[in-house]
Amino acid sequence: MDTMGIIFSNIYDNNMGELTTDRTSASIPFGSRYRQIDFILSNMANSRIQNIGIITKYNYQSLMDHLGNCQEWDLRMGDGVRFLPPYATGHTGAYRGKLEALQTALPVLDRSESDYVVLADTTVLCTIDFNLVLESHIASGCDVTVVAKAGKADGARKCPLAVKLADDGRIADLAVDYCAPADYLVGMSMFIIRRDLLMRTIRELVPHGKYHFEREFLLPQYNEGKLKINVYSFHNVALFNESVLEYYNNSMALLNEDVRHSLFRSEIPIYTKVRDAVPTLFGQKGQAPNCLIADGCHLFGFAENSVIFREVEIDEDAEVRESIIMQGSRIGAGAKLRCVILDKNVVIKPGTQLLGSPDHPLVINKGAII
Amino acid sequence: MQFQKKHCVAMLLAGGQGSRLMVLTENTAKPAVPFGGKYRIIDFPLSNCVNSKIDTVGILTQYQPLELNEYIGNGQPWGLNSSHGGVQVLPPYAKSKNSEWYKGTANAIYQNIGFIDRYSPDNVLILSGDHIYKMDYAKMLRFHENNDSDCTIAVRDVPLAEASRFGIMNTRDDGSIYEFEEKPKHPKSTNASMGIYVFKWSVLKKFLEDDEADSKSENDFGKNIIPNMLTDKQKLYAFNFEGYWKDVGTISSLWEANMDLLGKHPAFNIYGTVGHKIYARNTAMPSSFIARSAEIHESFIAEGCEVSGLVDHSILSTGCIIGKGTEIKDSVIMPNVVVENGAQIHCAIIAEGCRIKAGARIGAEPNGERKIAVIGKDKEISEGAVIEAGAIV
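Protein chains in written order, with our numbering: chain A, 1 to 370; chain B, 1001 to 1393.
So here's chain A without its partners, still in its complex pose (with noise of 0.2 Å):
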C-alpha cells in the first residue's frame, strides 16, 4: 500500500527556548550526533515511504543545510522530498495550528497517488515501523490511527493528545491538551489518515476557521461519532522533545543502554548528514566515563555523564559534568561545567565554571565566548 508522509517540522517551537533562536524544531542538535528530523524522516526512509513533504514555518535555513539533498536517507529532496513553505494567504504566511499547515501541502496531497498519510511532527523520537502502524490502521477499519505510548502520562504534563484505553482496547476517554492521569496513554503526534479524508478535511474546516488538528477535527469529530480512531500502542522507547527540561533529561535517558538499543539498531539506523570527522582522539589524560561522545572530538581533559556532539575540544584539566555539549564547542583547560547545555561552537575560555541545575540546566547560546 503506497503511503506518503508529511512532517511538521516546527509545532512546539516556543516551548524550546534558545535551542530554537534561530532553528526550527525539527533541527535542533540531539543525541550526540542527530538533530530532530533525523529520527522521523529515517523512520519514513527504513519503512519505504519516500514522497515526503516538509511543512516549515521560518527560520528553516539549518534544516535545509541540514537534509541537502538527502542522499543520506536515501531519499531524493525535489523528487519525493519537499520542503512546503507556508501557504500565501495574502497578509500572513504564519500558522496557528496543523490543520492550518496542512493547507500548503494540498496540491502535493493532490498529485500524490497515495493511499494513506502519515502525518508526525519532529520532536517525539522513537524507532518505529509505519509498516506495522499502516496494518493495524487498516485492519481496524477506522478513520484515523493516533499512535500512543503508554507510561509517559503523570498528572503534571499537559498532552497534546492523551486516549484512554477500555478493558476491550476500545477508547474510553479521548482528550486534548490535557494533563492526563498515569492510566492515559500520551499521543506521539504521529498520524495515520486516508489521503482524501486528509484533503476533504482540510478544505472544510479551514475556510472555517478551525486550525487545531486535534481540537477542532480529531476530538468533536469523534465526540460527535463522525469518525472512527483506531489506537496504535507504541511499546518501545519513545522520547518527548517538548520542553529544554524534557530535552535534558532526554539526553542523559541515552546514557541508559536499554533506551539507546531501543533506539539506534543496526538494521534500521537512524541516518544523519555525514560530516567526514576524523575519529575521535584521546589524550593521554583524556577519559569519559559514562558519555555519549562523536567522531571529530579532541578529548584531553575529563567528562562524565554527557553527551558530546562532533568536534568539540575538551582541554587538558578541564571537566564537563552532566551536561549536553553541542558541534563545535570547545572548552578550555581548567575550565569545569555542570549541568550545562552548550549550543553550537560555543567557546568557554580557560578557567571558566559554569553551574546549571539538573531541574533547570543553563542553555549556552550558540557561537558564545565565555
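In case anyone wonders, no lab produced these hints; they're calculated from the structure.
Quantities reported herein were computed from a predicted structural model and do not represent experimental measurements.
No residue lacks a Cβ here, since even glycine has one placed at the ideal position from N, Cα and C.
Incorrect hints may have been included.
The list that follows gives simulated cross-link-like pairs (lysine-lysine, DSSO-like), each with its CA atoms no further than 30 Å apart [said to hold, decoys possible]: (1) Lys-1277/B <-> Lys-273/A; (2) Lys-336/A <-> Lys-1324/B; (3) Lys-1246/B <-> Lys-1185/B.
Here are some chain A residues the structure puts well away from chain B; computed CB gaps all over 12 Å [claimed, not checked]: (4) Arg-33; (5) Arg-48; (6) Gln-50; (7) Gly-141; (8) Ala-166; (9) Ala-175; (10) Arg-200; (11) Leu-205; (12) Pro-207; (13) Gln-221; (14) Arg-338.
One side only, chain A facing chain B, incomplete, derived with CB under 7 Å [unchecked claim]: (15) His-261; (16) Phe-264; (17) Ala-288; (18) Ala-294; (19) Val-363.
Chain A is fixed; fit chain B onto it per the hints.
Same frame as chain A, but now just chain B:
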C-alpha cells in the same frame, strides 16, 4: 556521448594482491583494507585527487574486486559522482581478441587506453592504492608543465642507509632525472620514487604501445616504461615531496601508519578543513558510548563503539564492542570487532568482524623486537585461547 576534454585524468592501480599483508588481504583487495578507524587505504589517493581538483579517476582492479567495487559505488562520498568524469572502476574485460588479465602496471593502463582517450587529457596521473599520505597533485602537475616534462616522478628523501630498499632517481641540479636505479647496492642519491607519476598522455601512450609490442617486457612502470623513456632521452623530472608518506604494503608499516595518527602532535596529521579532508564512505552508526568502567588513553575511537574496558595507544574502528575487564594496547582494531569480557590484545591487528571471546589473549607486550599478531577477517578466537606475539591467524 561527447566527453569533456580533461587537463588530467588519474589512474589508480588497485589490482595488486598485497600478499605481504597476508590474512588481511585474503578476501580483500589491499586498497580496501581498513585504516585509521573509519577509512580504507584507497580513501587517501581518492581524497587527494578530489582535493587537487582532479575529477576523473579510473580505478584498475582485478584481485578480489567485490568489496572494493561496493565501497567505491558511484563515488559520491568523495564527490566523484559527476556526470563529466567521476570515478570508474576498470576491471580487465573480454575483448574481441587478446583478452587477458592485467599483466603488469603498465599493461593495466595499456588495456584502458580507450578509457583515457575519451577525455583527450593533456596529462595522466598514475597512483598506487597502497600509500597513506596527503598530497596536492595540482602542485606536481604545475611543476610538470612548467618543465615541459614528459614524465614527472614524485620522490622523497630517504636516509642513505635505507636508500638501497627503494627505486632511486638520480637527478641533475634542475631536478631532471638522468638515471634510475632499482634498489641500488651503492645508492648515489636519496631520492626514492613514491610510485606516483605524471605523464604527458601523448608520450605515455606511445611508450605503452611500444612496451606491449615487446614480448620480453614485464609491462611494469618502474622496470620497463621509465627505463625506456630514459634510454630514449625523454624529459623526466623528479618532484620533491616533503610531507608524510607511508607505503602500507606490510603488516608492520600498516601498524605503524595507524599509530602515526595518535597523539596531540601526530606524525601524520589527518585533520583538514573542507578541501583538505580525507573522505570516506560513512556508516550510519550512532555515537560511541564510553562506559563508566572504561579507561582510554592516547587512542582513536570511531563511531558506533561501546567501550567498557581499557584501550591504550590503539585505534578502535567503527562499530566495535569492547567488553569489561579487557585490555587493548598498541593495537589496531578494525571495524565491527567484538572483544568479550576479560580478553587481552597487545600489539596486534584485528581484522574486520572478528570475535575475540572472553579471556582470550592475543599478542604480548613487546619485549625487544616488536612482533605484531594478526587475526584475519571474521575469525573467532575461542574462549581463553592464547595467540602468541607475531602469530598470523
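Okay, the hints, checked on the actual structure:
1. Lys-1277/B <-> Lys-273/A: Distance of about 16 Å is within 30 Å: holds.
2. Lys-336/A <-> Lys-1324/B: At roughly 29 Å apart (the allowed maximum being 30 Å), Lys-1324/B and Lys-336/A satisfy the hint.
3. Lys-1246/B <-> Lys-1185/B: OK: Lys-1246/B and Lys-1185/B at ~22 Å, within 30 Å.
4. Arg-33: The claim breaks: Arg-33/A does not keep its Cβ more than 12 Å from every Cβ of chain B (closest is about 5 Å).
5. Arg-48: With a cut-off of 12 Å, Arg-48/A remains clear of chain B, as the shortest Cβ separation is near 16 Å.
6. Gln-50: Fine: 17 Å to the nearest Cβ keeps Gln-50/A off the interface.
7. Gly-141: The assertion about Gly-141/A holds, with a minimum of 37 Å to chain B.
8. Ala-166: Check passes; 39 Å lies beyond 12 Å.
9. Ala-175: 35 Å, holds
10. Arg-200: 38 Å, holds
11. Leu-205: Holds, since 39 Å exceeds 12 Å.
12. Pro-207: With a cut-off of 12 Å, Pro-207/A remains clear of chain B, as the shortest Cβ separation is near 43 Å.
13. Gln-221: Holds, because the least Cβ-Cβ distance between Gln-221/A and chain B comes to about 40 Å, which exceeds 12 Å.
14. Arg-338: It holds; Arg-338/A is separated from chain B by about 17 Å at its closest Cβ, greater than 12 Å.
15. His-261: Violated, about 10 Å.
16. Phe-264: Interface hint status for Phe-264/A: holds (4 Å vs cutoff 7 Å).
17. Ala-288: Given a least distance of 4 Å, the restraint on Ala-288/A holds.
18. Ala-294: 4 Å, holds
19. Val-363: 21 Å, violated
Hints 4, 15, 19 from the earlier list are contradicted by this structure; the remaining hints agree with it.
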